[in-house]
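**Q** Listed here are the chains, written in short residue letters.
There are 2 protein chains.
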Amino acid sequence: MIRKKLGQRIKEFRHKLGISQEKFALSINMDRTYYASVENGKRNISINNIEKIANGLGITLEELFKGL
Amino acid sequence: MIRKKLGQRIKEFRHKLGISQEKFALSINMDRTYYASVENGKRNISINNIEKIANGLGITLEELFKGL
Chain A
1 MIRKKLGQRI KEFRHKLGIS QEKFALSINM DRTYYASVEN GKRNISINNI
51 EKIANGLGIT LEELFKGL
Chain B
1 MIRKKLGQRI KEFRHKLGIS QEKFALSINM DRTYYASVEN GKRNISINNI
51 EKIANGLGIT LEELFKGL
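Residue numbers (the working numbering), protein chains in the order written: chain A, 1 to 68; chain B, 1 to 68.
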């Protein structure tokens with residue numbers, strides 16, 4: 001399911017940055033509980049929030065969706 | 001703004017298929033008014049609906065987001 005795959009991919013990029021869920025969520029001004037549920041594939045996340053996360057990760061949307 | 005760019009991109013791919021908004025919306029079982037507003041960049045569309053559209057267009061999410 002796409003939500004699971006996307007959450008996994010987001011998590012991988014966050015790990016590359018070496019920061020915690022909490023720190024990352026804070027850095028993009030997103031509720032940490034909401035953010036955690038995105039990584040877990042539990043949210044039908046909107047394009048605005050996907051963009052916010054990609055920006056925080058320092059990657060393009062193209063890169064985020066690569067292979068998905 | 002990402003919603004505008006995404007809507008434009010979706011529209012381009014639909015044009016390549018040579019079908020109307022109405023026909024395309026019907027083919028993916030999506031309300032045509034909602035679909036039209038997505039192409040116009042007026043909706044904060046969710047990942048599930050983005051995937052639905054990409055599937056209908058016969059492209060990957062990676063391809064849909066290329067260059068965005």
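Please note: incorrect hints may appear among the correct ones.
As the list claims (entries may be wrong) - Within a straight-line C-alpha distance of at most 30 Å, the following computed DSS-like cross-link-like pairs (lysine-lysine) qualify: (1) B:Lys23 - A:Lys11; (2) A:Lys23 - B:Lys11; (3) B:Lys4 - B:Lys66; (4) A:Lys16 - B:Lys23; (5) A:Lys5 - A:Lys66; (6) B:Lys52 - A:Lys5; (7) B:Lys5 - A:Lys52; (8) B:Lys11 - B:Lys23; (9) B:Lys42 - A:Lys16; (10) A:Lys11 - B:Lys66; (11) A:Lys42 - B:Lys16; (12) A:Lys16 - B:Lys11.
Worth flagging that the hints you see were computed from the coordinates, not collected in a lab.
Keep in mind it's a predicted model, so treat the numbers as computed, not measured.
**Q** Taking 30 Å as the top limit, are the C-alpha atoms of B:Lys11 and B:Lys23 close enough?
**A** 13 Å, holds
**Q** Please verify whether A:Lys23 and B:Lys11 have alpha carbons no more than 30 Å apart.
**A** Violated. A:Lys23 to B:Lys11 sits at ~37 Å, over the 30 Å cutoff.
**Q** Could you grab the alpha-carbon distance between B:Lys5 and A:Lys52 and see if it respects the 30 Å cut-off?
**A** 15 Å, holds
**Q** Please verify whether A:Lys5 and A:Lys66 have alpha carbons no more than 30 Å apart.
**A** 11 Å, holds
**Q** Between A:Lys16 and B:Lys11, is the straight-line Cα distance small enough, at 30 Å or below?
**A** Violated, at roughly 34 Å.
**Q** Given the proposed pairing of B:Lys42 with A:Lys16, does the C-alpha separation stay at or below 30 Å?
**A** 34 Å, violated
**Q** Holds or violated: are the alpha carbons of A:Lys42 and B:Lys16 at most 30 Å from each other?
**A** Not satisfied, since the Cα-Cα distance of roughly 34 Å exceeds 30 Å.
**Q** Does the alpha-carbon distance linking A:Lys16 and B:Lys23 stay inside the 30 Å limit?
**A** 43 Å, violated
**Q** Quick one, are A:Lys11 and B:Lys66 close enough, alpha carbons at most 30 Å?
**A** With a Cα-Cα distance of about 21 Å, the restraint between A:Lys11 and B:Lys66 holds, given a limit of 30 Å.
**Q** Keeping to a limit of 30 Å between CA atoms, is the pair of B:Lys52 and A:Lys5 held or broken?
**A** The given pair, whose Cα atoms are some 15 Å apart, holds under the 30 Å limit.
**Q** Going straight from one Cα to the other, do B:Lys4 and B:Lys66 come out at no more than 30 Å?
**A** 14 Å, holds
**Q** Would you mind confirming whether the straight-line C-alpha gap from B:Lys23 to A:Lys11 stays at or under 30 Å?
**A** Judged against 30 Å, a Cα distance of about 37 Å means the pair is violated.
Hint check: violations occur at hints 1, 2, 4, 9, 11 and 12; the rest are consistent with the structure.
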